[in-house]
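First to last, the sequence lines map onto chains A and B. For the first sequence, the numbering used here gives the first residue as 1480, with consecutive numbering after it. For the second sequence, the numbering used here gives the first residue as 1480, with consecutive numbering after it.
What the hints contain is simulated information worked out from the structure, not anything from laboratory work. Quick caveat, the model's predicted, so the values are computed rather than measured. We put the CB at the ideal spot given by N, CA and C, even for glycine.
Derived coverage of chain B by chain A (criterion: at least 3 residues anywhere in the stretch with Cβ under 8 Å from a Cβ of chain A; other residues may be distant):
1. 1510 to 1524
2. 1604 to 1613
3. 1635 to 1644
Take a look, some chain B residues computed to stay more than 10 Å from chain A by CB distance:
4. Phe1484
5. Asn1490
6. Leu1649
7. Thr1650
8. Asp1752
9. Arg1764
10. Phe1775
Number of protein chains: 2
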Amino acid sequence: MNPDFLAWSGNLQVRIETALEHLLPDPRHAPQTLHAAMRHAALGGGKRVRPLLAFAAGEVAGADPARVEIAACAVELIHAYSLVHDDMPCMDNDMLRRGKPTCHVEYGEATALLAGDGLHSLAFELLSGHTLSDTPERQLDMVKLLASAAGSRGMAGGQAIDLASVGQTLTLPELEFMHIHKTGALIRAAVLLGAYCGAALDNTTLARLDRYAKCVGLAFQVVDDILDAEAPTATLGKTAGKDAQHNKPTYVTLMGSTRAKAFAAELHRDALDALAGFDSAQRLRELADFIVQRQF
Amino acid sequence: MNPDFLAWSGNLQVRIETALEHLLPDPRHAPQTLHAAMRHAALGGGKRVRPLLAFAAGEVAGADPARVEIAACAVELIHAYSLVHDDMPCMDNDMLRRGKPTCHVEYGEATALLAGDGLHSLAFELLSGHTLSDTPERQLDMVKLLASAAGSRGMAGGQAIDLASVGQTLTLPELEFMHIHKTGALIRAAVLLGAYCGAALDNTTLARLDRYAKCVGLAFQVVDDILDAEAPTATLGKTAGKDAQHNKPTYVTLMGSTRAKAFAAELHRDALDALAGFDSAQRLRELADFIVQRQF
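If we strip away everything but chain A, and leave its shape as in the complex, we get (with noise of 0.2 Å):
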């Protein structure tokens, strides 16, 4: 990856893990527990890949970076509290996370429970107790796009449809119905939001925003899948080949990695043709790289 990249990748990354940090709910307050275990959820890294999208697509729309801070970190809770129920012994039962105990490994199930509630509400808190837009209106839409998809229709139904897949065999449409909701959606939502901090774009060109979107959202699964296959449990910070352990369809499963590699390729083809000749999306275009990229 080339160097001005890294730093401003590098820098969001410490700039989202601050902002976090005085937006999470004060462990010294009651209920601290609670508190305690949604910022060991939150806090502590990750790629930050959400984040970063909704930034690289404020630029897009000359949106001010401190509003998009607020609608990132609105963003990258909801992933956090998916990845905290996700992990759950009634789910994937995972005992590590971000290189740490999984949330119910470290502070006990009812509590991992509540603490994934907690950042949950807390995500629309940030998305509406914020100025996020230029108009009110726009901003509610950005709380409906959130909310539907986190929900039932989004993230939230992709789960369950892994949750039904396992064991089974899919047909690739199958998969990519599945991931398309499971990461599709908060990955579109994050690219949308961030745009919708900014001046209001035309339509064409949220299209565009949005098709790059889907094929990196897609992009960042296959990857995901050939990571779990092939990377060794301390690059990926999490449990590897806990896919093939848990029975789980993947790209890798059904492709084979050498066709895996070169789809994960056409999505990247695809998601750059999305943003040709559209001079302000260079860090878009760049985190399409990182994301095809990237080793852990």
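Given the coordinates of chain A, work out where chain B should sit on it, guided by the hints.
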């Protein structure tokens, strides 16, 4: 209760059920099982106390009932999600709710977890996806109000305090602190959201509605504790005596049944005092009567 109140509340209970039927995702659409579980959790009864409070407060502000209906459903979905998660094995491990098997008993824990999450997101989708207030700024305030009432400094926080209190001896102020969060925050949100659907009220009126809501919210819990200790399971539609069984502090264990009943009566009077001279608050007064006098 007077027949006019019974007709009013009965009609609204039907109205809420019908509205939720339409607003919840169609169980024929994927992911079908998740959508069926969400409907199982949110449909088929309950007293709908929060929606009734929203409608009654809407009358004070001359609100369009079509708006209040959506806001009331949003509050009820938050309540329904909290029951699904609260009933799970890692929390209260309850098998019976509203006379039916709880969501995790019927659909398994993983689906119940996601159904709660889906209901939670849907509440914010409703609150942002319809015109509910005279200005979009006030509607954003409604989103923020519900999000903070549901979150770690509201309902979810109250549940965390409840968890931590199992087997502990609480003082009365500690028990009150728990309930102000666990049930009080959402009941307060129901009243204020109903009012926000109508004409802007002056701060004195809003403060009086809020005082009413706080008293009624606490009275609701005191009566719940009395019923849990004294009413049979068949009447409650949920497992009776579970507080004692879970070794949870309640108003009955702390004050004894006689003093708890006197405290409920005192809160009832305080709630009515807050509305003194308010002609348009007749339904709120009747709801206070209903909440204190109910047998289930």
